[in-house]
Amino acid sequence: MASALYRSGVAAVQATSYETAIELFTEALALAPKTAKLYDARASAFERVGKLQDGLLDARMVVKLMPESSRGYLRAARILRKAGKHGNAVTLLEQGLKAVPAEDAKGKADLEEELAVVDEARRKAEHCPFASLPVEIFVEILALAIEPPPISVYTNTASPRKKAVRPNNLYNAMRVCRSWRQIILSTPRFWSTLTIDGEINLSNAQKKVGRIVGRANPAVDRRSGSSSQGLKRLVLTAAQNFSTVAFSDILQQIGAAGAASTLREVVCSFVDGTITTASVDVEATRATHLLVFLQKHAKNSLVSLSICSGGRIYPDFDLGSIFTSFPNLATLHIWGATTSNFILGLRAPFLENGIRPPSLTATSPFSVDPSQHVADYPPTNARNLIVSGAVFVSDSACKLSTFPHLETLELDIIGASIIWDLLSAPNLRRCHAVVYGETHVTELPMPDIARSWAKVEDLRVGGAKRLATRLLDHARSLGPLRLDHLVSLDLSFASLSNRHLSELFGSTNAPVLEYLNLASTAVAYPETSLSLPSRLDKLKTLNLAHTLWTTDETIRLLIAAAPLLEKLDVRGNAFITGRPLMELVKSRMSTEGKAEERQYSAIVDLALEGCTKIETAAVEWLRKHIRPGGVRFQFLDPSERRSRRDW
Numbered sequence: 229m230a231s232a233l234y235r236s237g238v239a240a241v242q243a244t245s246y247e248t249a250i251e252l253f254t255e256a257l258a259l260a261p262k263t264a265k266l267y268d269a270r271a272s273a274f275e276r277v278g279k280l281q282d283g284l285l286d287a288r289m290v291v292k293l294m295p296e297s298s299r300g301y302l303r304a305a306r307i308l309r310k311a312g313k314h315g316n317a318v319t320l321l322e323q324g325l326k327a328v329p330a331e332d333a334k335g336k337a338d339l340e341e342e343l344a345v346v347d348e349a350r351r352k353a354e355h356c357p358f359a360s361l362p363v364e365i366f367v368e369i370l371a372l373a374i375e376p377p378p379i380s381v382y383t384n385t386a387s388p389r390k391k392a393v394r395p396n397n398l399y400n401a402m403r404v405c406r407s408w409r410q411i412i413l414s415t416p417r418f419w420s421t422l423t424i425d426g427e428i429n430l431s432n433a434q435k436k437v438g439r440i441v442g443r444a445n446p447a448v449d450r451r452s453g454s455s456s457q458g459l460k461r462l463v464l465t466a467a468q469n470f471s472t473v474a475f476s477d478i479l480q481q482i483g484a485a486g487a488a489s490t491l492r493e494v495v496c497s498f499v500d501g502t503i504t505t506a507s508v509d510v511e512a513t514r515a516t517h518l519l520v521f522l523q524k525h526a527k528n529s530l531v532s533l534s535i536c537s538g539g540r541i542y543p544d545f546d547l548g549s550i551f552t553s554f555p556n557l558a559t560l561h562i563w564g565a566t567t568s569n570f571i572l573g574l575r576a577p578f579l580e581n582g583i584r585p586p587s588l589t590a591t592s593p594f595s596v597d598p599s600q601h602v603a604d605y606p607p608t609n610a611r612n613l614i615v616s617g618a619v620f621v622s623d624s625a626c627k628l629s630t631f632p633h634l635e636t637l638e639l640d641i642i643g644a645s646i647i648w649d650l651l652s653a654p655n656l657r658r659c660h661a662v663v664y665g666e667t668h669v670t671e672l673p674m675p676d677i678a679r680s681w682a683k684v685e686d687l688r689v690g691g692a693k694r695l696a697t698r699l700l701d702h703a704r705s706l707g708p709l710r711l712d713h714l715v716s717l718d719l720s721f722a723s724l725s726n727r728h729l730s731e732l733f734g735s736t737n738a739p740v741l742e743y744l745n746l747a748s749t750a751v752a753y754p755e756t757s758l759s760l761p762s763r764l765d766k767l768k769t770l771n772l773a774h775t776l777w778t779t780d781e782t783i784r785l786l787i788a789a790a791p792l793l794e795k796l797d798v799r800g801n802a803f804i805t806g807r808p809l810m811e812l813v814k815s816r817m818s819t820e821g822k823a824e825e826r827q828y829s830a831i832v833d834l835a836l837e838g839c840t841k842i843e844t845a846a847v848e849w850l851r852k853h854i855r856p857g858g859v860r861f862q863f864l865d866p867s868e869r870r871s872r873r874d875w
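One gets this note's numbering by counting positions in the sequence shown from 1 and adding 228 to each.
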């Protein structure tokens with residue numbers, strides 16, 4: 229009976245009725261379950277209909293029932309080759325070559341022939357256009373795809389910081405093929421960044437350090453005398469979660485391997501991880517330990533240093549001393565939160581203490597004004613000084629001659645008099661001056677903004693109540709001061725007058741201005757209203773959130789004043805209605821092109837949360853003519869909702 233079913237199944241295969249053949253072979257196997265011929269026939273039918281997994285199971289049964297026959301090995305290898313499992317197919321064929329007796333010359337020849345076919349298929353599968361490139365060019369191309377995230381990802385004070393899911397492109401590239409894996413593992417450049425997280429790597433930190441450092445710093449070839457590229461970037465996040473021993477071991481491993489001498493960028497962040505009174509006490513110890521380690525091992529190689537904390541930072545040293553301690557240091561980031569109840573004191577034994585005995589600092593023992601005592605340091609290599617959430621309490625002020633090459637100055641600090649001289653740094657590209665100290669702001673001499681703002685591209689002024697007003701009034705008195713390079717301007721929380729906006733930031737005086745932030749600004753006395761400049765030719769983004777002076781007329785004026793406007797934020801404005809917003813959106817709709825292009829406005833983002841006078845019908849119209857997701861509206865401002873809940 230089983231043989232009759234087998235013959236019927238073979239006939240069905242010849243007639244390409246594979247499903248019928250599978251049913252017949254299955255019935256035959258129920259009658260003769262130990263027949264290898266039936267399993268082989270059904271495996272062939274499964275292979276024809278694409279059921280490779282079922283076919284592979286039957287082929288393995290043939291191998292089990294007839295281990296010395298080449299039939300099962302060949303069938304299984306072909307199925308594995310079709311499935312792209314070339315490595316498994318090679319392993320199975322090699323087992324077959326060992327199991328098939330030497331007397332079966334044809335069987336061995338068939339296995340060797342199939343092995344050659346599998347090898348050729350694997351080479352074709354692993355072939356890529358990069359295979360014909362020199363290794364050096366391939367490395368350059370691959371480096372662009374797997375470049376690590378920028379330092380700015382780690383240097384912020386959002387607590388807790390949301391860690392965006394970032395695929396590990398380096399390890400994904402290693403899975404492409406064997407040759408890619410070998411090149412990546414043997415190229416120190418791909419392992420020049422070491423990222424250790426106190427939460428993620430708490431249990432395997434030392435192991436990871438050893439692995440990365442070993443690849444970044446392979447053994448030196450003594451015959452050629454060549455050296456490795458070495459470790460370039462060290463990122464320590466949630467550093468307070470490490471025990472004292474574990475943190476010391478991490479630094480000791482890096483130092484013992486000789487990897488620290490090539491470090492260029494170092495980030496130490498305490499924002500993530502556990503934040504308690506005890507952990508904050510640990511932060512100061514960790515930061516000091518790291519600074520001492522870097523001064524010993526990376527004194528001449530360090531280019532960028534970032535220390536980030538969720539607490540309020542008190543730098544217990546003169547800023548000039550840290551740049552003189554690291555001769556090639558170009559960028560210093562110190563990030564904290566002035567509103568925090570936790571305090572982090574930054575210090576190191578090799579840094580000069582900012583608090584000095586009265587006999588060394590004051591002409592009079594009763595003098596406490598830091599502007600009278602200027603720390604005398606030689607010119608440094610400082611290019612970027614970014615300090616946020618810090619409180620400067622020092623007996624000496626920074627001297628501009630110590631920072632002759634500054635390009636970026638970002639300050640959000642308490643202690644205006646300490647850094648006041650730096651506001652006169654010439655030709656700044658990025659200048660954020662958010663400093664507090666009301667008395668000092670009015671009494672200190674006016675900084676030379678004609679020099680410092682001459683080429684500024686990104687400007688932010690705020691902090692003390694009278695700081696922005698004083699600086700902008702002075703800029704007006706200079707002719708007004710030309711701002712030909714200004715692209716981004718942030719005057720949030722400042723008190724402004726019409727003269728400031730019209731004379732300084734219109735297209736006549738600031739022709740390339742694209743981003744303007746006037747959120748939470750107030751009208752300076754004695755004026756009672758505020759108007760935007762009549763020309764904002766290049767403006768693309770405007771923030772007018774939480775301003776009492778914004779009215780329907782303000783929105784209507786944007787139609788002619790800002791012809792390139794794409795994003796508008798008017799959250800929390802209780803005096804605007806839907807009509808002027810509809811007119812603005814309609815004015816930015818194209819009359820040419822395809823129907824889909826004419827349907828939507830060039831305005832792509834409109835924030836309307838908390839605008840209680842906007843009609844529901846107007847919101848629906850706006851959502852219809854702005855691309856999906858571009859209109860954000862609810863009657864209650866989310867920020868107000870959060871504040872009420874906290875209260």
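Do not take every clue at face value.
[What the hints assert, rightly or not] Pairs of lysine-lysine residues, derived as BS3-like cross-links and limited to a Cα-Cα distance of at most 25 Å, are as follows: (1) Lys326 to Lys310; (2) Lys279 to Lys326; (3) Lys265 to Lys279; (4) Lys524 to Lys436; (5) Lys326 to Lys313; (6) Lys435 to Lys352; (7) Lys766 to Lys814; (8) Lys814 to Lys795; (9) Lys326 to Lys435; (10) Lys814 to Lys841; (11) Lys292 to Lys279; (12) Lys852 to Lys814; (13) Lys766 to Lys693; (14) Lys822 to Lys852; (15) Lys326 to Lys336; (16) Lys822 to Lys841; (17) Lys683 to Lys766; (18) Lys352 to Lys265; (19) Lys292 to Lys352; (20) Lys435 to Lys460; (21) Lys527 to Lys460; (22) Lys310 to Lys279.
[To be verified] Computed spacing ranges between beta-carbons, pair by pair: (23) Glu322 to Arg276: 20 to 30 Å; (24) Tyr753 to Arg860: 50 to 60 Å; (25) Ser652 to Ser431: 34 to 44 Å; (26) Arg409 to Thr319: 49 to 59 Å.
Honestly, the hints are just simulated from the structure, not real lab data.
Even glycine gets a Cβ: it sits at the ideal position worked out from N, Cα and C.
Next on the checklist: So, against the hints stated earlier in the document, which numbers end up violated here?
Outcome noted: 2, 6, 9, 13, 16, 18, 19, 24, 25, 26
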